[in-house]
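S.K.: Sequence:
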Amino acid sequence: MLQQRETTKVNVLGFICHSESSSDPFRIDRDGHPYLPTGDGGIVLNYLVGESVFALDADHAAPGVSLSHPNQDAAYSLVAQSCIGNLAKVRTGEAAGSQGVVLGKRGEGGRVIVIFKDDVMKKLKPDDQITITTEGQGQKQDGMETCVLNIATPLLNDLKLKVENEKKFRIPVRTIFDSRLVGNGIGRPMPLWDVDLQIYELPVGVSALKIGDLVAISNLDARYNSGYRKDWISVGVLIHGSSPQPGHGPGVTIFLSGPAHEIEILEDPMNHVGLTLDSLFSCNKKLDMN
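In full-length UniProt numbering, the protein residues as written are 1 to 290.
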């Protein structure tokens, strides 16, 4: 048996994206009506972790900043290696030296979502350079089929999701969705993509759906390319808000996927507390000391 090896830490570079459009700025909603999308990429100033995925009249709005890279191969590497909870540092511009943390990532060309505190956000501008100390991909679970991906090891340890001395995870979530509700992102490689939930209002009996909430998706194998698999569970973090487009909706960055007998889901639709600014920045401080 191979001995468990330490995961790799790599510094990668991203540039803050500008919010983009085309010469025809309109998109078509699920009822066939045109609308002007806002909040997709760039620097979003009025959206925070802990706010509803339906809070903004926007399209795929994510809190903080979205990062990419002008070299497409470098952009793919940036997204594939970046993990929830990774440390980010501003390297250029008025906010140089400030720190943030990776909240998640999403597809459509590849972008990493990084959050900063309010005083830093006001100083950032498109094309500012940010490095991420990536770590988390390649974690092994001895004797288990369950795969951990897209999450920093210190954050996973802080969340205490693994049942001690058992080959099992126990995970508190806001709610469980069936894989039939997954739209954009299905069939895509999960180190590079999120999956969108095709929902346009709160599910019955669920008090809220917030950025940072953990949610489970049943009958979904998301270890590699996401797809239907009976009696499998995938768990992720809500990282961007809703969308009027058909096939789209609130986005989930998957960080764990495996057979249902290895993952116990603790559903709390009323009082769930997922990732918060405090928990993410607490992990951030630990990473900066290493």
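Accuracy of the hints is not assured; some may be wrong.
Result set (DSBU-like, lysine-lysine): computed pairs, CA atoms no more than 30 Å apart in a straight line [to be verified]: (1) 162 x 140; (2) 168 x 89; (3) 9 x 162.
Label pairs and their in silico Cβ distance ranges [unchecked claim]: (4) 10 x 45: 25 to 35 Å; (5) 5 x 203: 33 to 43 Å; (6) 20 x 50: 41 to 51 Å; (7) 20 x 264: 16 to 26 Å; (8) 108 x 204: 26 to 36 Å; (9) 109 x 38: 12 to 22 Å; (10) 93 x 50: 20 to 30 Å.
Everything labelled a hint here was simulated from the structure, so no lab data went into it.
A virtual CB, placed ideally from N, CA and C, is assigned to each residue, including glycine.
S.K.: It remains to establish, for every hint, whether it holds in the given structure.
M.R.: Taking the hints in turn, this is what the structure says about them:
For a cut-off of 30 Å, the pair hint linking residue 162 to residue 140 stands: about 12 Å separates their Cα positions. Our distance criterion of 30 Å between C-alpha atoms is broken by residue 168 and residue 89, whose separation comes to about 35 Å. Only pairs whose Cα atoms come within 30 Å are accepted, and residue 9 paired with residue 162 is accepted, the gap being roughly 23 Å. A hinted range of 25 to 35 Å for the beta carbons of residue 10 and residue 45 is consistent with their spacing of about 30 Å.
Here the CB-CB span from residue 5 to residue 203 is close to 41 Å, well matched to the stated 33 to 43 Å. For the hinted restraint 41 to 51 Å between residue 20 and residue 50, the CB-CB distance of approximately 27 Å leaves it violated. Range check, residue 20 to residue 264: Cβ separation about 42 Å, and the 16 to 26 Å hint is violated. For residue 108 and residue 204, the Cβ-Cβ distance of about 30 Å falls inside the hinted range of 26 to 36 Å, so the restraint holds.
Distance hint check: the CB atoms of residue 109 and residue 38 are about 18 Å apart, consistent with the given range 12 to 22 Å. For residue 93 and residue 50, the hinted distance range of 20 to 30 Å is satisfied, since their beta carbons lie about 27 Å from each other.
Of the numbered hints stated above, those contradicted by the structure are hints 2, 6 and 7, listed in ascending order.
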